[in-house]
Amino acid sequence: MPASSAGIRDVEPPARGDRYKVEDSRMADTVQSWVPGLQQAGVRPSARSGLSKFLRQRSTIAFLFCLPLIAIITCLVIYPAFYSIYLSMLNKAQTRFIGLGNFSYLLSRDVFWMVVQQSAIFALSAVFFKALIGLITAHLINNLPAKGQRKWRGMLLVPWVIPLALSSLGWWWLFDPTHSAFNWILTGLGFDEVPWLSNPYWARFSVILVNVWYGAPFFLIMYLAALKSVPEQLYEAAAIDGANAWQKFIHITLPMMRNIIAITVLFSLIVTFANFDIVQIMTAGGPRNMTHVFATYAFLLGIRSGDLPLGAATSLFMFPILAIAAVFILRGVRKRGREIG
Amino acid sequence: MSSTTMAMPAATGMRRHASLRRDRRWALITSYVFLIIFAIFFLIPPYYMVVTALKSDAEVAHMATNPWIIANGITLDQFKILFTQTDFLIFFKNTAIVTTCVVVITMVVSVLAAFSLGRMRFWGSSILATGIFLTYLVPDTLLFLPLFQIVKAVGLLNSYWGMVLVYPTLTVPFCTWIMIGYFQSIPKELDEAALIDGAGHMQMLLKIFIPVALPGIIAATIFAFTVSWAAFVYPMAFLYSADQQVLTVGTVTSLIRADVYKWGMLMAGALVAAAPPLVIYAFLMDYYIAGLTAGATKG
Amino acid sequence: MAEVALHQVVKKYGEVEAVRAIDLDIPDNEFVVLVGPSGCGKSTTLRMIAGLEEVTSGNISIGGEVVNDLPPKDRDIAMVFQNYALYPHMTAFENMSFGLKLRKLPKAEIRQRVEQAARILDITELLDRRPKALSGGQRQRVAMGRAIVRNPKVFLFDEPLSNLDAKLRVQMRTEIKRVHQKVKTTTVYVTHDQVEAMTLADRVVVMNHGRIEQIGTPQELYHHPRTRFVAGFIGSPAMNFIPCRLEQNGAGMRARISDAIAFPVPAANEGRYRPVVGKDLVLGLRPEHITEPRHNGRDDGRDFTATLDVVEPMGMETMVFFTIKGTEICGRVEPSSAADAGAPMRLYANIDHMHLIDPASGAVI
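Residue numbers (our numbering), protein chains in the order written: chain A, 146 to 486; chain B, 920 to 1218; chain C, 166 to 530.
Just so you know, the hints here were simulated from the structure itself, not pulled from any lab data. In this text the structure is predicted, and so the values were computed from the model without any measurement. Quick reminder that beta carbons are idealized off the backbone N, C-alpha and C, glycines included. Treat the hints with care, since some could be wrong.
Taking lysine to aspartate or glutamate and the DMTMM-like style, the derived pairs with C-alpha atoms no more than 20 Å apart in a straight line are [said to hold, decoys possible]:
1. C:K297 - B:E1108
2. B:K1012 - B:E978
3. C:K318 - B:E1111
4. C:K177 - C:E195
5. A:K292 - B:E1108
6. C:K266 - C:D293
Taking CB as the label site, the calculated pair distances span [as the list claims (entries may be wrong)]:
7. C:G301 - A:R201: 53 to 63 Å
8. A:R254 - B:M1121: 51 to 61 Å
9. B:A958 - A:A382: 29 to 39 Å
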């Protein structure tokens, strides 16, 4: 966390641990104001006006404050989610209920299986290299003298800040078949030109490369924050115990960061798996549909070909994987929440 | 005799000290070398975009010169064309309107909800907080097709107001989530003191919570801004005419269609479109990063 | 200004009783300290008076009016918190005036009140600073200032000195006392520190397990504790509790603590102790009442010899520790006394200050 937000916490010294036991104010709040039944359990039901009304009012207001949020989530996330299931069971013209027809159709298509395969390759390899590069760069920056760190961090985060659609355009230009600036260097060095986006396998490589370029800075920032949260004394104690740099990394850094690494990897897995911008802009799924991922294929079927139900069915195939990752992230975040306070 | 024995450990000590320092220096040099390599990798595309945007069309089209440098002089022609002969400014205006509305909606909705969930609580509020986090993990590409139907049903298909409607699904959950964390880090005694001082709920939120959690508010605002500025799937799916288009999709589709790969102008457009997030990042880096890391470290 | 009265006040959190039917009357202008170990219900009691917690049953009244159902802002109280709870984004002046502003007082009056309070607390030159720029003691003063400007019926203090270092704590203690003497507002003060309680209070309320153990002036609590808990809690180092048997000794009585040692009971206490003769009891004797022999060689049965385990010189006095039948006992002797760890020492028990405690009920007899 930057100094700005840490500053707030410095103002108020933390409450002394021993003070809160039965007297814990949060407990009071918890029990009193969110279990409505308890308030009525008072001994003198007649005189319950002011304070308890105030508290009841408080939870009513709390609910009202949440209403806009609940409305947004209900109307634009939960409802579409269920509607999506319904939609995926209609025919193309949305006139007839065809049950699991769209799903079985997809499963029978080679292209769909290629999409599954490419999505997995795309997500797993991209996340792996993002995590690796993030970890390495975070360590390198952490090694620098404190005053240089900010500058480097600022510089290396730039790919994350540029809207992905626009940087993908830049990459496309770098990969342009006739004008590729990379090929200019390669031919200058005496190598053959690389068909970056026209050969299916190079195209797969290229979209993954762009994704790594875009996502690695996110890992860098997360890991750098985690590295900073490892108490310096642990390293000093390890140094006195005779640990070298590698041992310190294996026995202190990694265990201390395990949770944040897991959260970041899972989170990135979701985002990468569901990525749309890079593939859509650079290859639009081609050549020969070999770079399609779920999102672009769903877009192709649903919007371009106008078969919304089939597209919705394609999207829904993402759901199980995303749900599993989400559950593990939630567990990790909760655990980390407990660890840090 | 005594002087030699005295000098001996001092000498080895110095030698050891010197070698420690040398090790340290080598580690530092290695770090810098690798960092420079990574920095080149990370900065190549933006660099190349800038270089291309500042070249003349002729130089871009011909491969005679080194593409990595500007050989025939810097020119702002590409920007001139961009602003005068394309719909770019319309896209920019549309994006600005959409983003402003989305940021305002997001902040109002999520600050109210976070204040409620982080402080006041009610029956079911902890389940709701978990639900918000899970919603934040739902990617935009999962539900864009059913949303297409919904946007169509409310008559906002091919209107940027449709974006104002759907973007909050991308921003509100995360902003609420991190604001809950910021609000919870405010000592409980502070609102008790305000309660005794006679503040009502709204006064407590406006006069105590928002000013105290200002860094969080800024981080959340930046997040909402960058997400709605960069959103791509929804406008790609829901908008098709140029007068309603936003920057990301407009730059990538309309500008290309307008001409046969005028790369110089395309890069100029991409740069101008990417400028607002970059400027915000340059000035508010700490808040930006706070917002980025908050998702996993708070809550 | 007003009196505060608690009548049969109970606080339950679900099934847990944090405060169990306490009665407390605080007259106008009095400075009352609630003291007890953590979890004894003292803070909960204070927070119920403040209106931050609801009363499960019973009545709280301020100035004769039952306030159970009033929200905090309508109770006309002011509270100082352990962590000061200053609004970090406001200057000291704004912190102090926030409550007045919410009550829509005229600007001029706000300024006048804040400045007056600042003069009392000697923080006039700090009024433009934010809490971050203030030291712990200064923050504490601002927090008190915020309470004073409101000119409330009652001041509530919730362990206000716990976050300060030892030296500052003593200084602020004096400060609080001085302010109270000046403004004379009824004050309820919560602390776990018995020294704070003794020095500040007109009356001390000792609480334990949600009950009031004893209410009294500091002197009463020190000299006449009614329970073993109060006897042990008040005074530092804590009172020695030595198992003993009360024996009839001719016309008198004596408290036998070992085969070799038995102290004669002062004649004044004999009446009270008559019913418990022959029983196993606990003898309570403060360290300051175990000293080196102070009489002129006349042995009245109060002298005894003990082998010292530990000797702790403190400067103005020396603490000696020894063990009798497995009970560690602490005594307080002059630094000039020849006290050595491992060596026997002749000691004197000032049995005039003895307490006898029923080990079953914990009551002082």
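Broken hints, by number: 2, 4, 5, 7
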